[in-house]
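Chains as they are written, first to last, in my numbering: chain G, 1 to 329; chain V, 1 to 138; chain X, 1 to 276.
Since the hints were derived computationally from the structure, they do not count as laboratory data.
Computed from a predicted model, the values in this text were never measured in an experiment.
Ideal Cβ placement from N, Cα and C applies to all residues, glycine included.
Any given hint might turn out to be false.
What the hints assert, rightly or not - If you want the ones that stay clear, here's a sample from chain G, every Cβ over 12 Å from chain X, calculated:
{"hint": "1", "residue": "Lys76"}
{"hint": "2", "residue": "Val168"}
{"hint": "3", "residue": "Pro186"}
{"hint": "4", "residue": "Val232"}
{"hint": "5", "residue": "Glu310"}
{"hint": "6", "residue": "Asp317"}
What the hints assert, rightly or not - Reference listing, derived: stretches of chain X covered by chain G, where coverage requires no fewer than 3 residues with Cβ under 8 Å from a Cβ of chain G:
{"hint": "7", "stretch": "27-36"}
{"hint": "8", "stretch": "197-203"}
{"hint": "9", "stretch": "222-231"}
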Amino acid sequence: MFDYQVSKREFQNWLIKMQEEYEVWAPVKVGKNYTWGSWDGGSFPDEDYQNTLKPPKDLFFPQYEVLLKYKKVKGKRPLIIEPDLPQEKRIIWEVRPCDARSLTILDRVFINKDYEDPYYSHRRKNTVVISLVCQKPGLGCFCKDPLTTEGSDLMLLDCGDTYLVKLVSVKGKGLIKNPVFTADKPINIPMELPANPFNLEIADKDLAEKLEVIYRSPLWRELQEKCVNCGVCTFLCPTCHCFDLTDDQKGKKVRSWDSCMFASFTKQASGHNPRPTGAERLRQRVMHKFRYFFENHGIFACVGCGRCVEKCPVNLDIREVLQRIKEVQ
Amino acid sequence: MKNMQKKVVAFLCNWCSYAGADLAGVSRFQYPPHIRIIRIPCSGRVDPLFIFNALKYADGVLVAGCHPGDCHYTSGNLVARRKFALIKSLLDFIGLEEGRVQFDWISAAEGNKFAEVATKVAGEIDNLPQWDGWGERK
Amino acid sequence: MTVLENIKAKAKELLEAKEVEVVIGFAQGTLPGKCTPYFARTTEEVERFVWQDGCNLNLANYLSKFSGKVGIIAKGCDTRSIINLIKENQVNRERIYIIGANCPSMGSCHNCRHPQGVIADFYAEQVQLNNQDDFSDVEAFEELLSEERKNYFYQEMSKCIRCYACRNVCPACYCKECFVEENLPCWLGKTTDLADNIIFHLTRTMHVAGRCIDCGACVRACPMEVNLSLLNRKLLKDIQELFNTEPGLSLEAEPVLNEYKEDDPQPFLIGGEESV
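Kindly generate the complete structure, drawing on both the sequences and the hints.
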């Protein structure tokens with residue numbers, strides 16, 4: 001059920017008007033791929049728009065970020081300079097529902113009762129997410145619900161010349177005061193949406209339970225044999241959130257993405273590495289997503305966007321990995 | 001005096017070029033003050049990384065070692081020679097100016113040559129367009 | 001018999017005779033057109049092997065994962081990487097059995113000159129091909145203005161997300177600890193700043209110079225589609241022009257940057273070649 005129907009032209013005008021107050025971000029085509037960039041006020045996604053190469057994670061939890069700078073002061077404590085918190089108001093639109101949902105997973109990590117990350121939470125609070133329903137799943141896609149509204153503030157469905165608009169959050173409702181958005185009664189979806197080719201039914205409660213007992217299984221060694229331990233899967237993942245803190249030579253403390261697939265991820269100062277081989281690293285990735293996160297937050301840290309499936313250089317397919325795990329007796 | 005802010009890093013081999021720079025000093029041959037010398041054991045020790053990394057902070061690089069045949073370690077500079085040919089060509093390929101990174105052989109006896117080379121290299125780098133530090137300096 | 005049948009027959013023979021404990025090859029992947037590395041330990045598992053377009057990773061990369069006797073199905077670039085690994089004492093020739101076959105993905109690489117195995121213990125396919133690499137892509141880039149070259153290079157480097165897929169799929173990149181991970185001293189920042197990306201890629205290009213055989217695995221592995229082959233192929237062309245050699249073709253010849261000649265060209269000198 002959607003709330004409004006609006007022509008694309010009117011929607012565009014509305015969004016252009018929004019640009020007075022908001023920075024509008026959209027998938028921008030570079031070569032044959034889409035990346036997140038500033039919306040030019042004119043372009044709509046092409047027919048071929050599946051999803052962006054990198055997830056919108058970057059816009060909230062950037063690949064690297066200076067947390068603070070420090071300077072030596074003679075005879076005194078070092079001077080610490082903290083950067084201003086991000087204040088700019090943003091709209092990101094044409095986010096796929098899976099990616100919008102991934103933000104609710106990141107929220108659990110960066111905004112919870114024990115800790116609130118000021119950088120992340122400021123960006124999150126100042127951003128409106130407008131998602132666009134997937135009508136044609138990609139090769140690696142395995143989401144559970146292409147119509148999920150989790151993480152979206154508004155949701156759009158492309159109907160050719162018009163968009164159906166669904167109000168999802170208070171933030172989204174607050175945005176719409178313009179008379180172009182009109183409807184007398186809720187609108188049903190006028191078309192048949194394709195059935196999902198690979199529903200993530202494999203990632204269910206059984207999986208979490210199975211993972212509890214196969215920690216020491218030789219299966220991990222077998223599954224990881226072809227893995228080269230690069231960071232493609234984790235860096236392109238909309239929910240992976242592990243990071244490293246480093247000091248550069250010029251007095252900056254930098255937070256940058258790290259990956260459990262890297263050999264150096266758990267390497268300790270002594271040289272000892274508790275995860276010495278690829279088997280432990282793959283196990284950590286799977287366990288974190290489908291067991292530890294499930295135990296802590298009640299959901300899996302995977303939205304089925306399929307980026308890791310499509311971009312893995314050795315075709316180590318997470319769907320296959322999960323299937324194999326479930327088959328263990 | 002704007003050139004005073006420019007920096008040229010010079011990697012000089014301990015046995016020849018560094019001694020050449022020393023001789024230039026002792027002999028009172030003038031050379032530009034914005035050449036910052038880093039002494040290295042042999043031109044063969046110059047990891048390409050040193051040059052690429054130096055360009056993050058400096059406006060240019062000079063690398064100098066013993067003349068071929070005079071290496072303290074027999075062949076360090078001869079092995080380095082092949083590497084330098086590739087580095088120079090690669091940097092040109094990606095669009096760096098000809099004078100940004102330069103190489104030469106300078107012996108311990110060539111104090112005057114060191115001063116000449118240093119003056120020439122620094123002068124050329126001063127006259128190049130503002131270097132962007134691999135995009136770090138906007 | 002087809003090439004694949006030859007490969008399978010040989011692999012089975014080796015496993016049955018216990019000459020090797022595993023044969024490294026490719027199986028059908030989970031996405032259309034994609035093949036995935038596969039390690040067959042039994043004759044039944046050998047049946048899963050495929051040899052088709054899409055078998056384009058460099059399998060030499062996996063040799064160091066095994067300590068016992070290993071069979072490997074190798075196309076041209078894999079065998080050239082194996083030659084380099086043997087010369088650099090990373091792989092013992094006695095320990096590996098090479099099943100050579102022509103590259104099934106021919107045409108995807110720029111005028112590949114060696115689609116067939118350079119060394120092998122057994123050839124599943126014997127076709128001599130004589131392609132010529134004219135380096136026309138590198139030459140076309142050289143023709144551009146320096147400003148244009150720099151802009152293109154910067155644009156490519158800015159795409160990098162430093163996932164290190166290029167490094168990790170590269171058989172020439174076998175350092176136990178890469179300079180990017182060293183932190184005393186910390187050679188390279190952990191950011192994806194343009195400068196850090198550029199320093200990483202230039203240093204890696206130089207590090208594999210004279211050892212890179214242009215298999216293109218790094219380019220295909222890159223999720224951001226950075227044009228890495230331009231840098232690698234530029235140095236390959238230079239090496240051919242300056243030192244008249246090509247890496248990974250003989251077990252005897254030293255890697256080009258490990259040796260020298262008294263009269264090596266030195267066009268890099270101030271004042272050029274003639275200045276000495």
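In rising order, the numbers of the hints this structure does not comply with: Structure breaks hints 4, 5, 6, 8.
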